[in-house]
Amino acid sequence: MFFNSFNFIVFLAGLVLSFYLFPKTIRPYLLLLGSLFAYSLFGWKNFVLLLGVSIFNYLTGISIEKAKSKKMLLTVSILGNLLLLFFFKYFNFFSGSTNDVFKFLQIDISLPLLDIILPIGISYYVFQAIGYNLDIASEKAAAEKNYIHLVSYFFFFPKIMQGPVDRPRNLLPQLKQGSEFNYENFVDGLRRILWGFFLKLVIADRLFVLVDNVWKNIDAFGGLSVAISVSLFTLQLYFDFLGYTEIALGSAQLFGIKLMENFDKPLSSKNITEFWRRWHISLSTWLNEYLYNPMAIGWRDLGKYSMHLAVFITFFIAGIWHGAGITFMIFGSLHGIALVYEIFTKKSRKKWAKKLPKGLYDFLSLKLTFIYVSFTLIFLKSNTLERAFVVIKSIGQGWKNDITGIFNGNISKVLFLNGGSSNIAILVVLLLLFFMIETYFKEKSYKVLNQKNTFVRWTIYFGILAIIAFFGQFHSDAEFIYVNF
Amino acid sequence: MKKIGINIILVVVICFLVCYPMSNIFNNYFHNNLDVSLKPNWILSKKNQHFDFGVLGSSRVINLVDIQAIEQKNKNEGINLGVSGTGLAESYILLSKFLKNGNSIDTLFLEINPNLLNAEMSFSLPFHPYFYFQYIKEDEIGEVYKDCVPDLKYYLWRFVPMASYFEYNNFFPLAAVIKNNKQVALNDFDKFDGSELMKGNEFAGLIKLEEKKLGINDIDKKYLLKIIDLAKAKKIPLIAYTAPELKEIGKYEQGRKAVYYEIYKILENKKIDYHNFSSVVSDTLYFRDYLHLNENGIKQFSNIMADSLFANPILP
Chain Z
1 MFFNSFNFIV FLAGLVLSFY LFPKTIRPYL LLLGSLFAYS LFGWKNFVLL LGVSIFNYLT
61 GISIEKAKSK KMLLTVSILG NLLLLFFFKY FNFFSGSTND VFKFLQIDIS LPLLDIILPI
121 GISYYVFQAI GYNLDIASEK AAAEKNYIHL VSYFFFFPKI MQGPVDRPRN LLPQLKQGSE
181 FNYENFVDGL RRILWGFFLK LVIADRLFVL VDNVWKNIDA FGGLSVAISV SLFTLQLYFD
241 FLGYTEIALG SAQLFGIKLM ENFDKPLSSK NITEFWRRWH ISLSTWLNEY LYNPMAIGWR
301 DLGKYSMHLA VFITFFIAGI WHGAGITFMI FGSLHGIALV YEIFTKKSRK KWAKKLPKGL
361 YDFLSLKLTF IYVSFTLIFL KSNTLERAFV VIKSIGQGWK NDITGIFNGN ISKVLFLNGG
421 SSNIAILVVL LLLFFMIETY FKEKSYKVLN QKNTFVRWTI YFGILAIIAF FGQFHSDAEF
481 IYVNF
Chain G
1001 MKKIGINIIL VVVICFLVCY PMSNIFNNYF HNNLDVSLKP NWILSKKNQH FDFGVLGSSR
1061 VINLVDIQAI EQKNKNEGIN LGVSGTGLAE SYILLSKFLK NGNSIDTLFL EINPNLLNAE
1121 MSFSLPFHPY FYFQYIKEDE IGEVYKDCVP DLKYYLWRFV PMASYFEYNN FFPLAAVIKN
1181 NKQVALNDFD KFDGSELMKG NEFAGLIKLE EKKLGINDID KKYLLKIIDL AKAKKIPLIA
1241 YTAPELKEIG KYEQGRKAVY YEIYKILENK KIDYHNFSSV VSDTLYFRDY LHLNENGIKQ
1301 FSNIMADSLF ANPILP
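Sequences listed follow chains Z and G, in order. Heads up: the first sequence runs through residues 1 to 485, numbered per this note's numbering. Heads up: the second sequence runs through residues 1001 to 1316, numbered per this note's numbering.
A portion of the hints provided could be inaccurate.
Stated by the list, open to error - Here are the simulated lysine to aspartate or glutamate pairs, DMTMM-like style, with alpha carbons at most 25 Å apart:
#1 G/K1002 - Z/D264
#2 Z/K45 - G/E1210
#3 Z/K24 - Z/E180
#4 G/K1003 - Z/E180
These are computed hints drawn from the structure, not numbers from a lab.
Based on the provided sequences and hints, a complete structural model is requested.
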């Protein structure tokens, strides 16, 4: 059951209603039942697997807490979780690559390729499970003694498909106490959901049409159009993921639960370091807490470049967390390289900043960061390396034809990517509106719905509802992108 | 809790008060301004016309039956009632509405094949709900909706004003209603009597398909019988036939032969004349894919159809 389905709305309304009709002590169990039901709709295999993961981590958590020497048990728990992730996500990539090497070396061995379907949310719940055990080992959190509560944490429906990668120490205590109804909190949750649907159904899925027009038939477009589509994919990914996150956080809020924020206006970042502080925050902070920091601390005696190596490895792993394949490795490496570069050039960039007018320096930094991020996302979107190179090569070709095409009345194809004039007009207006809102409301864009004047507030509610109703894409082929990671 | 309850009721009431009159405007506009560049709408737009023959079915009709070639050969006038990717339930609606609109046909040809009796498995969207929203309140059409879409969706579209138009806003754009655009969309269906023939002679190859196990779907069978009964009620002679297909399709669709046997039985019970042309063309030179002929194949098959179907003594 995906968030952009009618069934989800019915499910959510039913669950919220029953949640508050029952006494507080029953509510955590109702929420658990709802989560189990929602995840069971993805099939019994997914369900049993996650149940197995929760049992395994329940046992390892308690064992780690009790053990005097925690290292061994912690290693077992991490390896167990990683092995699962490796099997489902990376085994076929590993087999295929090994077979290629064997073939190249003319060795007559062939590893099997398995018919495996990636379980829904596995990348997210495996990282959460590892974080859970690491927290217990470092005594940041206690092991959960009640198995039901831990199941409730793993299955919690708003975050199961694509995060946020919330920490058990934040979420578990909230799940255990069935919350009281709080009007302000509840309404805020509804606003976030409304805003999330607007971002996903109206903006992201309309952008999808344009991006898809080019990526499905890249040979038919010149470099300018391909470059525009690559930039638009960055926007599509942002609105898609932000939309999902708003719905997830809003849904959790209806039950009085506060999930971790995942975005802080990432497209206003002026360098890649800042970008990762603002983009997919739950993942980047997870990587920082459980991967980068232990590495950087552990390797501090190895010399001044140990930190750079730790940064690169962290982002390389962030890359392969997104998927199995060389393109994901390149995506992670490109971000790792950029971050290492930024560490090296911190002082010289400061000098440049002083030499150039502030406005110009900020503008150039903003644009360069956006272009670099968009470039790296070519690898995230391309299924194969060949495909990524085709896209990159296409950007460098046919600019002359595109530019003459604009003057010869071919604007709809070159600039608007055959998206239709009404679609473009709607998108331009909405994107401008969104970025104005995001600039104005420093905290969160959805706060635009939180106006003090009742008339203005309700006008905005109905306005957004009407925009979703008339311009939302309810039968789009665009699924939530991060579900696939 | 009380405050949020009141607010939600308020939102629902305001939405209803706005959407109810709006749905009447939308119904009225889209009822009177069908986009006839879309085949179902083109069929629905036909009024008070007479045809010597009509051919009903899915893509194996709209894309493979060259009405004009048959007309030239037999000196008569026909209409192609086929719509791509549709199952028998939708074909039934189209035929029923076509006849209710005052049109008449002397003979109806129905293309039937095992995939039509396994529509959900064979087509991505065997019933296109958005073409018939303006008729959803009619019992006959409502029944098709109930059979072909989830109950929740049916009740939503049937009773919540504007829900259907919002869900399919790409087909029912607000801009069209505001502009009140009366322009009739350009279409080639008028020119080719409803056919949209496959172009080119390339063959896609004997590609591997997803394996399926075919059977008889009750809903598809129900609408096959309803089409037969409707033709009988309107006293239209009905002739069923199967268009050519490559026998290799059987490798991927288990039970195809058994379904054919069931089709014979159903048609025999109903005393319907049936012509199986499934293997009259078998060379891949004439095919575009397993189930569709290419341009050369269409020429070949149109001749066969014109010669054998129209030689039937029951034809007027």
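Just to be careful, I want the Cα atoms of G/K1003 and Z/E180 compared with a cutoff of 25 Å; is the pair within it? Given pair G/K1003, Z/E180 holds - Cα atoms ~15 Å apart, limit 25 Å.
Within 25 Å, alpha carbon to alpha carbon, are G/K1002 and Z/D264? Violated - the C-alpha atoms of Z/D264 and G/K1002 are around 34 Å apart, more than 25 Å.
For the pair we were handed, Z/K24 and Z/E180, check the Cα-Cα distance against 25 Å. holds, 7 Å
Within a Cα-Cα threshold of 25 Å, do Z/K45 and G/E1210 meet the stated pairing? Holds. Z/K45 to G/E1210 sits at ~21 Å (cutoff 25 Å).
In the structure shown, a violation is registered for the earlier hint numbered 1 alone.
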